[in-house]
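Could you slot chain D onto chain Z? The hints should help.
Residue numbers (the numbering used here), protein chains in the order written: chain Z, 1 to 328; chain D, 1 to 328.
It cannot be assumed that every hint is accurate.
Some chain Z residues judged to face chain D by a derived CB distance under 7 angstroms, without partners named [unchecked claim]:
id, residue
1, 23
2, 246
3, 252
4, 260
5, 267
6, 268
These aren't lab readings, by the way, just hints derived from the structure by calculation.
For each residue, glycine too, the CB sits at the ideal point set by N, CA and C.
There are 2 protein chains.
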Amino acid sequence: MINIAIDAMGGDFGEKPIIDGVIQALQSEEFNAILVGNSEILKPLIPKELQKFITYEEANEVFSMEENATDVLKRKETSIYKAIELIKNQQAHAVVSAGHSGASMSLATLKIGRIEGVLRPAIATLMPNIKGKTLVLDVGANVDCKSEHLLQFALMGEAYAKEVMGISKPRVALLSNGEEECKGNELTKETHRLLKNMHNFIGNAEGRDIFNGNIDVLVCDGFSGNIILKSCEGVAGAIVKMLKIEIKKSFLSTLGALLMKKAFINLKKQIDWQEYGGAPLLGVDGCMIISHGKSDARAIKNAIFQAIKFSKSNINKVIENEIKQLNS
Amino acid sequence: MINIAIDAMGGDFGEKPIIDGVIQALQSEEFNAILVGNSEILKPLIPKELQKFITYEEANEVFSMEENATDVLKRKETSIYKAIELIKNQQAHAVVSAGHSGASMSLATLKIGRIEGVLRPAIATLMPNIKGKTLVLDVGANVDCKSEHLLQFALMGEAYAKEVMGISKPRVALLSNGEEECKGNELTKETHRLLKNMHNFIGNAEGRDIFNGNIDVLVCDGFSGNIILKSCEGVAGAIVKMLKIEIKKSFLSTLGALLMKKAFINLKKQIDWQEYGGAPLLGVDGCMIISHGKSDARAIKNAIFQAIKFSKSNINKVIENEIKQLNS
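With the rest of the complex left out, here is chain Z (with noise of 0.2 angstroms):
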């Protein structure tokens, strides 16, 4: 059975909502969950009849959101830090954290260690498209990044997408300011003729091919993909906002608002990042799954699913033999 160890203390709300997410993933699939935490705390919180398929790891202090990343090396009692460690020592397959991401990414690198061959790990994130969703990495682990970097993401991007989202043949395309083959910064051009030899490569992409559908894996700068990411969650949450003024402004509105209701919840629920689970810290040699620090139940649910097919899946042998391939 697969061992998911949960940091059950390092998320902005605290144990409740990740503890429910436990909760609600063990009602439908098989896992054993090693709580990462106070287990005086965390034990009351489970119900009797889930109790066999949990162990605890006592770990008494949380890395705060303030912390700077860096410092969590030294922070041995906190419970991102004991969630690795299981890992480490081989007692569990993946770890699920909604705490400071920063400091799960540099924890994973440095203690589980890359797949070999890699220079980088890349965070990766799903973005809801139109039709499913687009797999985005780097989405922020490397700010700045050498056109090797980029390629090695793609080679990563795509070896998720066909072992963990299914996808047999990737369409992975490279994000610039045009399609055209001659747009782009210095990084992407350079970038753009490294990828060219790619089976699966399609071309740079603009930011809104992201949701149109046409392309399953955007290639990108950390830097550029945090961007990305803030921006759309902030249109997104501007559009509701708009459209919350307008409704309250006419009778008529309203009424149609209510008469929307069902719309409204299924679009809700098609752009929700709850629904999508974390993002997986691709390269490491490993399954660390990085959550919202604002994570509902579902939330920690959907990443621990991702988790299990993670952990199922072939994707780190797949990553390691297609970099050996590239220097080969």
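Same frame as chain Z, but now just chain D:
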């Protein structure tokens, strides 16, 4: 009276929407329109009572969207070339063009020239936020930037916000992947240090801050600005598409959407770029408004209003002084 040269042939949809935009603008503002294009085609489109505000500058060629921007220097018979010559020869105060934006930019920079001290002109665009508009620059003129370029963009954006948008104390922010000073890539960290001395600089901002109304001017390199712009267009478009699909799924939703029609129209108006006119090319020694190739009459009308406001303002003098002060 202000003379506005209008590239009447450059847009994706030919002369019709452009001339309609000129007519709409003339109905509410006094200015002279110099229509650059084939006068035999253009003249019949203008109502008799407006002819007195219009002169024609013959140009029989169009620089097409597929051509390479740098080739425009040799294409002296194109409408965009002739329009920009009118500024150079001081026959026009401003140019509005919905043609090839790269060509407009190159021509304006080379023929009109830069304001003294300006290293690189930048394209500034307005994006909607929940309280009004945010000016974002650069959005595509300079895909590879140094910190001294971004510093100048900040000064030019601040000047535009003050002189043309009428914001007395514009809040200027630097796009980064986090609000903390330590966040960013090499370029933004270095730029942050330079911007710290600027009176109206409020620090780093994330993509979402474009939309929440907390900043007036967002400074970024042209690559990042361009991908943000296109991603945001993409999200908005995808949300509309997804919602339409949901609405069609049930009779109640369809009825609700009908009742909400006015709310949707108002929302569309708020987020529609056609309402915002074009994007001024800041840093050239004149007024060049770059409009979207797909501009309709309303977008052209708004771009003309923008050109008039720009021409009546003192912005280029302010930019020149600011940069002189910076360099001394």
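Cross-check of the supplied hints:
Hint on residue 23 of chain Z is violated. Least Cβ distance to chain D is approximately 30 angstroms, over the 7 angstroms limit. For residue 246 of chain Z, the interface hint holds, since its Cβ comes within 7 angstroms of a Cβ in chain D; the closest pair sits about 4 angstroms apart. The beta carbon of residue 252 of chain Z comes within 5 angstroms of a beta carbon in chain D, closer than 7 angstroms, and the hint placing it at the interface holds. The closest approach between the C-beta of residue 260 of chain Z and any C-beta of chain D is roughly 4 angstroms, which is under the 7 angstroms cut-off, so the hint is satisfied.
This hint holds: residue 267 of chain Z has a C-beta 5 angstroms from the nearest C-beta of chain D, less than the 7 angstroms allowed. This hint is violated: residue 268 of chain Z has a C-beta 10 angstroms from the nearest C-beta of chain D, more than the 7 angstroms allowed.
Checked against the numbered hints above, the structure violates hints 1 and 6; every other hint is satisfied.
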